[in-house]
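K.L.:
Here's the letter readout for the chains.
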Amino acid sequence: MSIAFDLLLALALLWSGGRCLSVDRLDRAIVLFIAFGLLMALAWARLAAPDIGLAEAAIGAGLTGALLLDAYGALKRRKA
Amino acid sequence: MKRFVMGLGALAFAALLIGALLEPLPVSVDLRAAVTNNMASSGVEHPVTAVLLNFRGYDTLLEIAVLLLALIVILAVGIDTASDQPRTVNPILQTLARVAAPLVIVVAVYLLWAGAFRPGGAFQAGAVLAAAAVLLHLTGLLPSWQVPTRTLRWGLTAGFLIFLAVAAGLLSQGALLHYPPAQAGMLILLIEAGLTISLGLILAGLFLLLSREPGDDA
Amino acid sequence: MIWLIVLPLVWASLAFILGPGRGKWLAIGGLALQTVLAFDLATKIGAGGTAVGHLVGGWGAPLGIDLAADGLSAAMLLLTQCIALPLAVYASAYYKRDDAAGSYFWPLAGFLIAGLNALFLSADLFNIYVTLELLGLAAVGLVAAGGGAQQVAAALRYLFATLVGSALYLLGVALIYGAYGTVSISVLTPLVTSEAPRLVWIAGGLMLIGLMLKTALWPFHFWLPPAHGGAPAPVSALLSALVVKASFYLILRLWIGPFAPLIAAAEWLAWLPAALGTLAIFWGSWQAIRAERLKMLIAYSTVAQLGYLFLIFPLLAGAGAIQAGVMQVFAHGLAKAAIFAAAGVLIKATGQDTIAGLAGAVNRVPLTLFTFGLAGMTLMGLPPSSGFLAKWQIIEAALAQGHWPLAVIVLAGGLLAAVYVFRVLRQAFLLAPRNEEATAVSPLLEWPAFVLAAASILLGLRGVELMQLVGIVA
Amino acid sequence: MSSGLLFACVGALLFAMGMAGVMLIAHLLRRILAFNVMGSGAFLILVGLTQRNDVPDPVPQAMVLTGIVVAVAATALALALVRRLHALTGQLELPADDT
Amino acid sequence: MTANEWLPLAVLASSLLPGLVIFALPEGWIALRTALNLFGAIAKLALVAVLLAGVSAGEEYGVRFAVLPGLDLAFKADALGLLFVSLSAVLWLFTTLYAIGYLEGAPHRSRFFGFFSLCVTATIGIAMAANLFTFFIFYELLTLSTFPLVVHRGTDKAMRGGTIYLAYTLIGGTALLTGIVWLHHLLGHTEFAHAGIAAALGPEYAGQLQIIFLLLIAGVGVKAAIVPLHGWLPQAMVAPAPVSALLHAVAVVKAGAFGIVRIVYEVYGIEFAQSLEVLLPLAVFAAVTIVWGSFRALFQDDLKKRLAFSTVSQVSYIVLGVALFGPLGTIGGLVHLVHQGIMKITLFFCAGNYAETLGIHKVSEMNGAGRRMPLTTLAFSIGALGMMGAPLTAGAISKAWLSDGAAAAGMDWAIWVLWTSSLLNAAYFLPILWRAWFRSAPAAWPEERIAARGRRETAWLLLLPPLVTAAMTLAAAMLAESPGSPLEWAKLIAEREYRQGVTLP
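Read top to bottom, the protein sequences are chains A, B, C, D and E.
Using the working numbering, the first residue of the first sequence is number 1, and each one after it goes up by one.
Using the working numbering, the first residue of the second sequence is number 1, and each one after it goes up by one.
Using the working numbering, the first residue of the third sequence is number 1, and each one after it goes up by one.
Using the working numbering, the first residue of the fourth sequence is number 1, and each one after it goes up by one.
Using the working numbering, the first residue of the fifth sequence is number 1, and each one after it goes up by one.
Isolated chain A, as found in the complex (with noise of 0.2 Å):
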């Protein structure tokens, strides 16, 4: 049971990550790197190692998404 969790959750870090490094779409792939980051973060719960997942889902994915995000806003805006 775990086993197929571990893998599941392998596979999806593998999947996440690769495709927000290669989707088309700018907010896409932020989007996708924040479920990277909360792939992550269960990454890290599932190593017993729940201060980092902690800090990965508040800092890795939030606060680093929010500062994307806001970039990739920011980014759009000036252009139009």
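If you are wondering where the hints come from, they were derived from the structure by calculation, not from laboratory data.
All residues carry an ideal CB built from backbone N, CA and C; glycine is no exception.
Treat the hints with care, since some could be wrong.
Said to hold, decoys possible - Short derived list, chain B residues pointing at chain D, Cβ under 7 Å: (1) ILE18; (2) PRO24; (3) VAL48; (4) LEU52; (5) GLU63; (6) GLY78.
Claimed, not checked - So the derived label-pair ranges between C-beta atoms look like this: (7) D/GLY90 - C/GLY318: 53 to 61 Å; (8) D/HIS27 - A/ALA12: 21 to 29 Å; (9) B/VAL27 - C/SER442: 46 to 54 Å; (10) B/ALA40 - C/GLY148: 37 to 45 Å; (11) C/GLN352 - E/THR155: 17 to 25 Å.
Once you have looked at the hints, place chains B, C, D and E on chain A.
P.N.:
Just chains B, C, D and E now, with coordinates in the frame of chain A:
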């Protein structure tokens, strides 16, 4: 062509690395035991916090310096005058944020306190504080930052300076960050309290400074 | 020695609190104190003949982080403070009040110097990673500060190079920790053997490549010329003189430390950096000869001069190679700081950054041109100068071990350097039509540069103490 | 295979992917994403490899915490530069080698 | 530090310190600059006199500092070194006087005199170096300090000359450095010693030592302007007259020639060099240079260029003397080191006077110059006759000893070379004298800058130095046998350089 070669190279590298990862390894040192044995004199009960603020506290000290430095660089890169456009604000959200903000602070304090014996600590607490600030900003309750005032600069730096002062003060004990076991818990809590505030401000600052709308060209 | 790390952190933070453009006196005072401390440390190690250590937190490796200073690190620390102090004086005159580029110079420079000192003192691979990031981000910030599009683009290029370099290094550290369970250099060194698992070889390769990227060794040099050539003069000087040397120091430290058994098992490995270094010398010199902007010429010269540092790797088996490398680090550090500072003066005096625009500069800023000439002597390796001693030592070590091609490369590189140095001097001696009245240049700009250049020459007359100090390697 | 080792291998793949991304992608925001993926890969390897017997080790965990904070600092800095570049030139890619 | 240690340093400092101070002086402080220059020059002469007295009494002067472990910056004031030091010190004084007159009112004099002093310091350093390492340091310093002098005028032509000069000397310096490091690697040191140091290596090193000899001689041969390494010398003529005078008579070419002397006698040792069979090729190159230089001089219309090719030829007299295996040749070569310096500096002073006073730059413009400037032309004539080896001039003494040396070494062809050269010398100098004395002057000089005032044909600071050096040319010949003459000093050196002791006629 370049893409193909690079991709292939990366794949080969990953394969090589995974192959090597799967080989048996002669681990000679295991720090788990060392951490467990020294927990008693570390001043905290949570091993990760003990490593972070005591055993390898020096790393953390420099890491805070990196964070502060990043903030300064962001300030240094662009001194644009902002034209902070009013965002479309949902009044319900605003009310919600007003209620949430004090709650978030309580959560942060809890996380800070919890860090001593379970997952949590200054970083998470600081991140939560920063999240609150971002939330307030997004709901239009907190303007984005311009060049910070001196008070704010004190706030941003205080956590780092407290940490540095404690670290250097402990030189009297024979080494940098050499906590006497009896006072270790208190000193670490002091550092963490300082860090929580400064980290919250810095992390929020990363966002609030970046979200300045740069003018056309300074 | 711990104060060498704490002091710059303190003055950097205080300078930030004081506000934009302020804090130069704090910085100069702090640096003066640090210079004294570095001298003190070097004398102590030189007199005692052994390395000194400091167990942070009192735990000791492998649980805690150790700091250690042997002759090599003491020499690097000394160089750092001795270059930073005159440059601080220079910078205090360089940035005008309200100059956007200078608003945050002092805190950034403080963190940069703290990063350098912490790096030279650290004996813990992961801690070194943190110092590398401190150093790299501070350097990027200095390049970007208040600059135009070109400068920001250069900073971004530099940022990605340094981040990828750190990431490679970090992965190496992760693998080392996985394999041995420690990141302390002193604990690690006896554990690594030539029969180390494949993972350790990969780790070594990753770390060295990452550091070479940060040292801008050919072909990883692409980021250096725009960054060093585009930044304000005091920043270029700090970067070229010190920052790239830090990662070189680490390569050397790892090469003769934990990874020595691996390299002994595959001696041909040592020729790899030497070959890249050779290409760097020729490529960098060639680009410098072709450059049209003065600071680009100097930046390419840095690419070339860094090449010499990597020629010593095949020679490390014999005596004197480390000394030769350190002498070259000193020679290039002092001379390049002086020459970038001098270039800053020339640009201020002539109002342009082209070599063609230098005509007649000798009559306007003679002291600066003299500085340029002295530093140029060091770069060309002409005696009497520390650059000459460095080349002498490399050639001698090469001959002693029968690797005469290295000697030929060094000699040829010296001639190429002469071409690009004299390109500048020749232009400056040309008669110029008396055009616009000369811009007055502050003596606080001219003299620090001169002091640095003079130091690079004087070291060429007395290098004994330094070489003895460097001989004390832990 | 233990979860530790599994995630270490995932880390290796992520690192390689991120590295290829940093080198190949010209768009600066995406390059920042790639750098973050690369960093995450290194972190996974650090913890996963050490915990290949699934016994938690607080030391690498603390290191990764440090690393994450450093990475977010670097990301914020990079974003600041990218946004500045965009404000100055309207570009989101580095100019071809202008050396 | 004892007096015997600091005296050599004081000799160096007597030009170095004034030079450094002069750099810092504002352009307008003429009096202080002049005073410093003269003070330095006179102090140097006084110090040299003390050294000369000491060395002839058997005192040893020397001092050394460690630069790197096992590598010393070392000075010694021995008989050979002092020969060159005294020549430089004497001629520096006169050249300084001349330069003060020549550059009156010209721009950038602080820079000029600063580098001028550095250049003399480098020459003194070369003379007193006690090992090849120290020699090399000052040898390259000489290159660097003369470059700003060569390009002093800042014109495109000056730059071209300067660039060619640099290209030759820096490449030569690289060859020299290669040889020195190689030798240092083999021997572990490069100290100069009587009878040489290279002989300490076994016969299996003969091949390497021959290559090193080639590298070393090629390195110093550039400055000594041995054919085919002489190309820079005529190009460097763009420099102001005092610089040409100093470059040609004292500093640069003599540094090269002196280097050859040190390398042959005190690195290899004359006997060991003979056994390595490297002396004959050196003699052949010297002979070719002697003839080729004289031959090229015939066709130069530019006065300074003609003198330059003459220098090419004459400096190789010294080399030839050194390469002749035997004390007589040695004495001839060494004494010519001094004699050629005095004579050639006279000629360059005079050439400068013609150019500065009347604007004469070419041989074809010399008609009647003797009547307008009799004293200058008198000095010029003495110098020219000396170059030809006419009796009663210093040149005659050198040539006599060189011929005797060639005969003693059994190299009769060298005598023919000397005679050929003398004839060629006559062929390119006599027409000048004839034009100057016996042709009538043109209606107007090319550019008369200094008008004759009463009986003074030009500024006295320009006139005095060539007259003094011309007088010395005669004195060196007439007082050749008296104690303290260059010839007697050369004999002293020869006695010390040959291992078995020498019996001199």
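K.L.:
All the hints need checking, so say for each whether the structure fits it.
P.N.:
Okay, the hints, checked on the actual structure:
The beta carbon of B/ILE18 comes within 5 Å of a beta carbon in chain D, closer than 7 Å, and the hint placing it at the interface holds. Nearest Cβ of chain D to the Cβ of B/PRO24: about 10 Å, over the 7 Å cut. The hint is violated. Given the 7 Å rule on beta carbons, the hint for B/VAL48 holds: about 5 Å separates it from the nearest Cβ of chain D. Given the 7 Å rule on beta carbons, the hint for B/LEU52 holds: about 4 Å separates it from the nearest Cβ of chain D.
Nearest Cβ of chain D to the Cβ of B/GLU63: about 5 Å, under the 7 Å cut. The hint holds. With a least beta-carbon distance of about 5 Å to chain D, the hint placing B/GLY78 at the interface is held under the 7 Å criterion. Between D/GLY90 and C/GLY318 the beta carbons are some 56 Å apart, a value that agrees with the proposed interval 53 to 61 Å. D/HIS27 and A/ALA12 have their C-beta atoms about 24 Å apart, which keeps the hinted 21 to 29 Å range intact.
Range check, B/VAL27 to C/SER442: about 60 Å between beta-carbon atoms, so the 46 to 54 Å window is missed. Checking the proposed 37 to 45 Å range against B/ALA40 and C/GLY148 shows it is violated: the Cβ atoms sit about 57 Å from each other. Distance hint for C/GLN352 and E/THR155: a CB-CB separation of about 23 Å, consistent with the stated range 17 to 25 Å.
Violated hints for the displayed structure, listed by number in ascending order: 2, 9, 10.
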